[in-house]
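*Asks:* Here's the letter readout for the chains.
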Amino acid sequence: MNSGVKVSLTRRYRFSASHRLHSTDFSEAENQRLYGKCSNPHGHGHNYVVEATFTGPVDAETGMIANLGELDPFVQLEVIEAFDYKYLNEEVAAFRESVPTTENVVREIYRRLEKFPGARLERVRVEETSKNSFEISREFPANRSAA
Amino acid sequence: MIRVTRKVEFSAAHYYHNSKFSAEENQRIFGKCSNPHGHGHNYVLEVTVAGEPDPRTGMVLDLKELKDILQREVMDRMDHRHLNHEVPELAGKIPTCENIAAVIWDLLEPRIKKGKLDRVRLYESPDLFADCTAERNGDRVAADAGRGTRA
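Those protein sequences? They're chains A and B, same order as listed. Note that my numbering has the first sequence beginning at 29, numbered continuously upward. Note that my numbering has the second sequence beginning at -19, numbered continuously upward.
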């Protein structure tokens, strides 16, 4: 392989969850103006897609950047079990203090996946719907400050 | 600069096995991917070439040419083949998505005469893909997919 070429591996996962965009920093009228229908009091839900990208080196003995036998259970434990079929505002601790916009969701998922010991996390992209996606990369570490 | 992407699909068989590992290690590390009779995927390959369009043709490169290159270098080699046994470029390497993408990069890179190969993206399934990209300034990870092992 030529030097100067970078290899990465991307895996997609799914979870379904409900949320409500609402902040106690704002009045009811401000919440309504800012978040619109996303602020409806009983919440609503999405089928989220998480795309996680890891970079090399490619292990010479396994041919892998990340072994899916390790990565899949890690993501299952850290993200899917924590988020799937949950009300994000109440059931994920990080969103008791921050509004579960997908910007904040992608940041929280990045924070969790960054701990994967088997490879270097490069990027996380979350699709809230097939029309909206939010992405965070290692290149912009300032974006990863605590939620 | 414009990026042009062409997609092709091929179907192939493979399995993961490293003869340096014991049977138990192969099973533990590779799981069902090491089943000795192999299994297969419908691979989707996206090849991106970057460059400035030629002012006369309006093209970065002729997509017909790229299609022919992909046919010759990838399809003829890999489509309906067993990647462990029938693709010499993969000999001694575990045919993971990462290694196949790296081999495809090496096959295509010298063939692209107009524009520059920018990215090879190989999907093993809709939920798993490997990217090979030209390293940009600031990238710190050196790719060493070429350090193949005798599998």
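Keep in mind that the hints are not guaranteed to be accurate.
[Stated by the list, open to error] Per the computed footprint, the stretches of chain B lying under chain A, defined by three or more beta-carbons under 8 Å from a beta-carbon of chain A, are: (1) -4 to 2; (2) 32 to 40; (3) 47 to 56; (4) 80 to 86.
[As the list claims (entries may be wrong)] 30 Å max Cα-Cα, derived DSBU-like pairs, lysine-lysine: (5) A:Lys34 <-> B:Lys96; (6) A:Lys143 <-> B:Lys12; (7) B:Lys(-13) <-> B:Lys96; (8) B:Lys12 <-> A:Lys34; (9) B:Lys0 <-> B:Lys(-13).
Source of the hints: derived by calculation from the structure; they are not laboratory data. C-beta: ideal position from N, C-alpha, C; glycine also.
*Asks:* Against each hint, give a clear statement of whether it holds in the structure.
*Replies:* Status of each hint after checking the structure:
1. Counting residues of the stretch -4 to 2 of chain B whose CB lies closer than 8 Å to any CB of chain A gives 4, so the stated coverage by that chain holds, three being the minimum.
2. Against chain A, the stretch 32 to 40 of chain B contributes 0 residues with a C-beta closer than 8 Å to a partner C-beta. That does not satisfy the three-residue criterion, and the hint is violated.
3. Coverage of the stretch 47 to 56 of chain B by chain A is violated. Counting CB-CB distances below 8 Å, 0 residues qualify, and the rule asks for three or more.
4. Only residues whose beta carbon comes within less than 8 Å of a beta carbon in chain A count, and the stretch 80 to 86 of chain B has 4; three or more means the coverage holds.
5. Proximity of A:Lys34 to B:Lys96 is assessed by CA-CA distance (about 15 Å); at most 30 Å being required, the pair is judged to hold.
6. Distance hint between A:Lys143 and B:Lys12 is fulfilled; the C-alpha atoms sit about 26 Å from each other, no more than 30 Å.
7. Distance hint between B:Lys(-13) and B:Lys96 is fulfilled; the C-alpha atoms sit about 17 Å from each other, no more than 30 Å.
8. Annotation: proposed proximity of B:Lys12 to A:Lys34 holds, straight-line Cα distance about 28 Å (limit 30 Å).
9. Of the pairs offered as hints, the one joining B:Lys0 and B:Lys(-13) is violated, with about 36 Å between alpha carbons and a cut-off of 30 Å exceeded.
Consistency with the previously given hints fails for numbers 2, 3, 9, ordered from lowest to highest.
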